[in-house]
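As they're listed, the protein sequences go chains A and B. The first sequence begins at 1 in our numbering and counts up one residue at a time. The second sequence begins at 114 in our numbering and counts up one residue at a time.
Hints are not guaranteed to be accurate.
Far from chain B, some chain A residues (derived; all Cβ distances over 10 Å) [what the hints assert, rightly or not]:
id, residue
1, ILE11
2, VAL13
3, LEU19
4, ASN24
5, LYS49
6, VAL57
7, GLU64
8, ASP85
9, ASN97
10, ARG102
In silico SDA-like links for lysine to any residue, alpha-carbon gap of 20 Å or less [to be verified]:
id, chain 1, residue 1, chain 2, residue 2
11, A, LYS61, B, THR211
12, B, LYS170, A, ALA1
13, A, LYS112, A, GLU15
14, B, LYS124, A, GLY43
15, B, LYS124, A, PRO40
It is worth saying that the hints were derived from the structure and are not from the lab. From a predicted model like this one, the values you see are computed outputs, not experimental measurements. Where a beta carbon is used, it is the ideal one built from N, C-alpha and C, also for glycine.
As a plain string of letters, each chain reads:
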Amino acid sequence: AQSVTQPDIHITVSEGASLELRCNYSYGATPYLFWYVQSPGQGLQLLLKYFSGDTLVQGIKGFEAEFKRSQSSFNLRKPSVHWSDAAEYFCAVGSYNNNDMRFGAGTRLTVKP
Amino acid sequence: DAGITQSPRYKITETGRQVTLMCHQTWSHSYMFWYRQDLGHGLRLIYYSAAADITDKGEVPDGYVVSRSKTENFPLTLESATRSQTSVYFCASSVADTQYFGPGTRLTVL
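The whole structure should be built from the sequences, with the hints applied where relevant.
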């Protein structure tokens, strides 16, 4: 069965520092991979997605993610974090129609001034 | 452009009562989904619907009932609420490969 692991429950970074959030997945077929962000009390917003092609994908708000099939990973990165990036981040894997989407448990990002 | 809305946003109920959470989307997306979000679990799929009158179970369907008589609406009913159903519930709709989420309903079962 498909699954997603986000090894880091909570990460704290200083404003302006770089960020990498880890995501490992298990999926039997070609995965559709997603990163979502959730601000407190809000729904989830799509940051970026990967289905095929270039393994480095660009998203909104300056985020990017790299798909590494050999490591079953889809890590999220940002070169310079802003205070407004403080939120919960979820990695997800699924199929084309999303009817079997699996989410990771989430990584909470705190940004220090 | 309202997108996807959920009501109520907050609900407190008692064990054994029936509760219905509403979801409405204005995009005419074919697929709609219900998830619950619990600490340490991320989001888990309860039910989904591929079109009007077509629904199917997700990962955690027990204790829930759904219907979809119109494309734009996808209500979720807890027929006899239990404390373990205290959670935040998110509705989503999708076209092709991307889901769009509603703002969520925080449900507390006492």
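Which constraints among the numbered hints does this structure fail? Numbers only, ascending. Hint check: 5, 9, 10 fail, others pass.
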